[in-house]
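Protein chains: 2
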Amino acid sequence: MSFNVDEKIPSFDGKLLKLSHNSTITHTKMLLSLYLPHQYFEKADNKVLPVILFLSGLNCSPDNPTEKSFIQPYANMYGFSVLFPDTSPRINDVRLKKGIGSSFYLDATENPWCKNFKMYSYIMKDLISNIGKEFPKLDTDNMSICGHSMGGFGALMFYLKTPEMFKSCSAFAPLTHPSICPGENKFFKLFLGSAQSEWKKYDPCELIKTYNGPKRPILIHQGTGDKYYIGKELLPEDFVKASEGTILEGLINIKFKDGYGHNYYLVSSFMAEQCLFHAKYLGLI
Amino acid sequence: MSFNVDEKIPSFDGKLLKLSHNSTITHTKMLLSLYLPHQYFEKADNKVLPVILFLSGLNCSPDNPTEKSFIQPYANMYGFSVLFPDTSPRINDVRLKKGIGSSFYLDATENPWCKNFKMYSYIMKDLISNIGKEFPKLDTDNMSICGHSMGGFGALMFYLKTPEMFKSCSAFAPLTHPSICPGENKFFKLFLGSAQSEWKKYDPCELIKTYNGPKRPILIHQGTGDKYYIGKELLPEDFVKASEGTILEGLINIKFKDGYGHNYYLVSSFMAEQCLFHAKYLGLI
Numbered sequence: 106m107s108f109n110v111d112e113k114i115p116s117f118d119g120k121l122l123k124l125s126h127n128s129t130i131t132h133t134k135m136l137l138s139l140y141l142p143h144q145y146f147e148k149a150d151n152k153v154l155p156v157i158l159f160l161s162g163l164n165c166s167p168d169n170p171t172e173k174s175f176i177q178p179y180a181n182m183y184g185f186s187v188l189f190p191d192t193s194p195r196i197n198d199v200r201l202k203k204g205i206g207s208s209f210y211l212d213a214t215e216n217p218w219c220k221n222f223k224m225y226s227y228i229m230k231d232l233i234s235n236i237g238k239e240f241p242k243l244d245t246d247n248m249s250i251c252g253h254s255m256g257g258f259g260a261l262m263f264y265l266k267t268p269e270m271f272k273s274c275s276a277f278a279p280l281t282h283p284s285i286c287p288g289e290n291k292f293f294k295l296f297l298g299s300a301q302s303e304w305k306k307y308d309p310c311e312l313i314k315t316y317n318g319p320k321r322p323i324l325i326h327q328g329t330g331d332k333y334y335i336g337k338e339l340l341p342e343d344f345v346k347a348s349e350g351t352i353l354e355g356l357i358n359i360k361f362k363d364g365y366g367h368n369y370y371l372v373s374s375f376m377a378e379q380c381l382f383h384a385k386y387l388g389l390i
Numbered sequence: 106m107s108f109n110v111d112e113k114i115p116s117f118d119g120k121l122l123k124l125s126h127n128s129t130i131t132h133t134k135m136l137l138s139l140y141l142p143h144q145y146f147e148k149a150d151n152k153v154l155p156v157i158l159f160l161s162g163l164n165c166s167p168d169n170p171t172e173k174s175f176i177q178p179y180a181n182m183y184g185f186s187v188l189f190p191d192t193s194p195r196i197n198d199v200r201l202k203k204g205i206g207s208s209f210y211l212d213a214t215e216n217p218w219c220k221n222f223k224m225y226s227y228i229m230k231d232l233i234s235n236i237g238k239e240f241p242k243l244d245t246d247n248m249s250i251c252g253h254s255m256g257g258f259g260a261l262m263f264y265l266k267t268p269e270m271f272k273s274c275s276a277f278a279p280l281t282h283p284s285i286c287p288g289e290n291k292f293f294k295l296f297l298g299s300a301q302s303e304w305k306k307y308d309p310c311e312l313i314k315t316y317n318g319p320k321r322p323i324l325i326h327q328g329t330g331d332k333y334y335i336g337k338e339l340l341p342e343d344f345v346k347a348s349e350g351t352i353l354e355g356l357i358n359i360k361f362k363d364g365y366g367h368n369y370y371l372v373s374s375f376m377a378e379q380c381l382f383h384a385k386y387l388g389l390i
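Residue numbers (my numbering), protein chains in the order written: chain C, 106 to 390; chain W, 106 to 390.
Honestly, the hints are just simulated from the structure, not real lab data. Just to be clear, a hint being listed does not mean it is correct.
Same chains, same names: a pair is fine if it fits in one copy or spans any two.
[What the hints assert, rightly or not] Listed next, the in silico DSS-like pairs over lysine-lysine satisfying Cα-Cα at most 30 Å (straight line): (1) 134 / 320; (2) 337 / 123; (3) 203 / 238; (4) 242 / 202; (5) 360 / 220; (6) 113 / 306; (7) 314 / 134; (8) 242 / 362.
Given the structure is predicted, the values throughout are model-derived calculations rather than measurements.
Could you build the full structure based on these sequences and the hints that come with them?
Here you go:
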């Protein structure tokens, strides 16, 4: 067993596992949560259960979405599992403090980050393949991606870079153009250095220009009362504009929600709609 | 306006108001939350919307249930509002520190608590009547009560003392016999002094003996993996035993849930069932 089961928590009709493992990519212990709906415990066959990868926001952990997103009832309704990675390695080292919970899911190239802050490779090359081996009923070849805020950025970024890995992508209040926002690109500078060409390798507004996956909508819920939206740190309009002339033109489906904020009240309120969207592309309905 | 609206948060189809007001009973500013479902904003008539009073647990605040209980979708489904009082006055006074968030919803008689820790009277004589005046569409004469842990104790305690105030009562993992548990009666001693006769005035296992309300079930969800249940601090079996020979004999409906813990994963998982129960007695179905 390469994952330790630190807690096993019944929730709705399934079980939430709090897991930890030692990653050969981040060279640290990594925390994560995995929600298994009731179907997991009933079905005998291997590779029957699709996976939704849910990425949490800045300074969050897997606990925020497992406690507040209310994805569990839909996991049971449609029959998918949910994998919640952590937002960074958690190392008690004062030099790394600024980055804890704030990795932006990037592979850092700068010191002191480049040794451990390899979240992009960790998720793609370590977590997903090993979770599939450890829990053989999970079908990581039938996977979708979703996230909130910095995790919404992560969902767009992973999907646009490797659409062959995911059946569908959605996000709640994502950062769509972080390389031009001072509040966000300070982390890009920290992890990737000053060359903006490096930042663009992770920016959804840039990545969409070279996206070569299926012509499939991306679903986004954005509250109009969100202070980061109002403060022009999320910039979903830039993302729509960037999609013009690309394969995804007309397919960026942004649902603006009157007065909703940058919080889990947005996420829980529209989780049903995002799960229905993913269930369709995961072949569950 | 005797309540300040500190925040107005869209959630599901309704709005969550974070409120504060100065209580003439606790002589402090009191915090609370109020969830108004979409029906509140659509119905024109006065006194149309029933209220569920939800009491939070030890060291919690109204934020725990509004973020994690998942009651909002059912408030919208059936058309009830939810009132979430705080768990104590919040006074920055080192002498009162032990009681912050831990009032047990009692009227304290001992120093230094007796000046401000009058939560029983605050809820019954200040909060409920004033919220009904301030939000005239709320029908506080058609009200049910519910709570988690210490708040589950509170729900049982208020209901058994004044059944004429409530249409129905339910609880998640309530403390049902706190006067005999050292972990809980240390608070009774703090607030009420050493005379156990005073403690009994608030203990559900005592109050049920003199209950004179309707013959109506009380619904309780209790996880069998709950460490406080296992540690004999909740004692729902005592509550069933205490009901023998009373009006409520055979009506204490405890649903034991295999492996569930003492957390909001229990609450959110079975909130649908408790809301259905209350909707019936509130005349909503």
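Here's how the hints hold up against the structure:
{"no.": "1", "hint": "134 / 320", "in the structure": "neither (38 Å within a copy, 56 Å between copies)"}
{"no.": "2", "hint": "337 / 123", "in the structure": "between (35 Å within a copy, 26 Å between copies)"}
{"no.": "3", "hint": "203 / 238", "in the structure": "neither (33 Å within a copy, 49 Å between copies)"}
{"no.": "4", "hint": "242 / 202", "in the structure": "neither (37 Å within a copy, 50 Å between copies)"}
{"no.": "5", "hint": "360 / 220", "in the structure": "neither (39 Å within a copy, 51 Å between copies)"}
{"no.": "6", "hint": "113 / 306", "in the structure": "neither (38 Å within a copy, 39 Å between copies)"}
{"no.": "7", "hint": "314 / 134", "in the structure": "neither (36 Å within a copy, 54 Å between copies)"}
{"no.": "8", "hint": "242 / 362", "in the structure": "between (37 Å within a copy, 26 Å between copies)"}
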